[in-house]
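Peer 1: These are the residues of each chain, in order.
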Amino acid sequence: MALHPDFPLQTERLRLRPFTRGDVDGVFAYRGREDVARYLFDPPLSRDECALAIQQRATQTGFFEEGDRIVLAVETAHDGKLVGEVSLIWRSVEARQGELGWIFHPDHHGRGYATEATNALLDLGFGPADMHRIFARCDARNEPSWRLMERLGMRREAHFREHGLFKGLWDEEFYYAILRDEWLSLRHV
Amino acid sequence: MSSLRLPIETDHLVLRPFERGDLDAVRRYHTLSSVQRYVERPTRYEEDVAAALAVMRSQVELHRPGETLTLAMVRRGDALLVGHVSLKWSDATAGQGELRFAIDPAQSGKGYLTQALTAMIDLAFDHFRIHRLMVRCDGRSHHSIKLMQKLGMRLEAHYREHALFQGEWDEELHFAMLDREWRPTAKVQDLPMRVRVA
Ligand SMILES: CC(C)(COP(=O)(O)OP(=O)(O)OC[C@H]1O[C@@H](n2cnc3c(N)ncnc32)[C@H](O)[C@@H]1OP(=O)(O)O)[C@@H](O)C(=O)NCCC(=O)NCCS
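Here the protein sequences line up with chains A and B, keeping their order. Just so it is clear: in the first sequence, position 56 is 56 by the numbering used here, and no numbers are missing. Remember, the numbering used here sits 189 above the position in the second sequence when you count from 1.
By construction, these hints were calculated from the structure, which means they are not laboratory data. Fair warning: this is a prediction, and the values are worked out from it, not measured in the lab. Possibly wrong hints are sitting among the right ones.
[Claimed, not checked] Reference excerpt, derived from the structure (chain B facing chain A, CB under 7 Å, subset only):
#	residue
1	A283
2	R321
3	H347
4	L353
5	L367
For every residue, glycine included, the Cβ atom is placed at its ideal position computed from N, Cα and C.
Could you put the whole structure together from the sequences, leaning on the hints where they help?
Peer 2: And the structure:
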C-alpha cells in the first residue's frame, strides 16, 4: 500500500522526522565514527559523504513501490538533539514484508532510545503500511543490535555462518523477525 | 583442477547427465507440486517437462559462478531413473554452493537420496572446493528435514511467512554445512584463504 505518513512521529521522549540539510554535522558526529561503522555495510563516512547521504534521505519519506525506504532522524523531544536514525524498507509488496534498521550515536546508547524509536517504526509498518512480517539482521557479534531485536519482541529466525565475506572476513549473521499477529499480541490490540 | 569425471557411482545408483530419452521418466515426478518449489522453471503441466529436461541436459559442468550441475539418479541394474540432484555454484569469492534434489515419490524411503546427496557433497567440497553448501526445504517436508539431519547439516534458518508460494504463506528452512564440518577427520584445510572453485 502506498504510504506517505505525516511527520513527525512522536513517542514519549522522541521525535522521528525526515532529515534536513541542517543535519549534516549531527549525522557526521556518529556516521563518521569507526566504532559506529564496525558492523555497518558502509565504512565511516566523511562529512561530504554525510551531506550526500542526507540529500538522498530527504526524499526517503514514504512508500510508493517495492524497495522504497523511510529513513528518519531521531531527536529528543525536550531539546531537539539528533541522537540517531531508524529506517524501514518495503522489501516485498506481494508478501507485505519490511526490514528495519537503526544507528545511534554512542553518547545516547543505553537509554532505550533505540527501542522507543524502533517500536514507533514497527507500529508504522504493521499499522498504516499494513505489513505482514518485519525482519532485521545484524552481524552475530553485534550484541547490542540483536539484544535490541529481542527487546522489540522479534524471534531469531536465522543464524548464517560463513555464507559470505564481510570486510574481508567470513561473515556470521543473525536474522530476526516479527509477524503481524505477534506484534498485535504485544500491543494487546 | 582435474576435469569432472562422470558418471558418479554410489552403492545403488549411477549419477549421470540427463539424456533426451529421459523424458518419460522425468514426467513421472517433475510435475508434482512438491517438486515445483525447487526447480528453476515451474513445470506444472506435462508440456513444460521437455523444456525443463532441455535445461537439465545442458547443466553438465560448473565453469562459472551462477552455473548448475544437474545429474539424473539412475538405479543400477534396471537403469530406472528415480530423480535428480543438482549443485549450483552460487558465489565464487565466498565459495558458496546450493544443493537441490527431487525424487519420484514411489522411489523414496530407499536411501537413494542419502547416497546421491552424499556423493554430491563430496563432489562440492573435494572437487569444486566449495566452502559452504546450503539446502532449502519446505517447512512441512518432514522427509527432507530428516534427510538433512541425517546428512549432518545444521539448521541455519527457519523463515515463517516470509513469502507467498502458490498463493499461501510459506515456511522455509535452510540447512547448511561448511567444508570443515563434512567428514572433518578426513582433511585439514586452512581458513579463510583457500583455493577457489575452478
Ligand atoms: C544497536 C544500537 C542502536 C543499540 O543501542 P542501545 O543503546 O543498546 O539500545 P537502546 O537505545 O534500546 O537502549 C537499551 C539499553 O538502555 C537501557 N535503558 C535505559 N533506560 C531505558 C528505557 N527507558 N527503555 C528501555 N531501555 C532502557 C536498557 O536496559 C539497555 O541497556 P543494556 O544494554 O545495558 O541492557 C547501538 O548499539 C548502535 O547504534 N550501534 C551502532 C550501529 C549499528 O551497529 N547498528 C545496527 C547495524 S545492524
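Peer 1: For each hint, tell me whether it holds in the structure or not.
Peer 2: Taking the hints in turn, this is what the structure says about them:
1. A283: 5 Å, holds
2. R321: 5 Å, holds
3. H347: 6 Å, holds
4. L353: With a minimum Cβ separation of about 5 Å from chain A (threshold 7 Å), the hint on B:L353 holds.
5. L367: Holds. Min distance 6 Å.
Violated hints for the displayed structure: none, as all numbered hints are satisfied.
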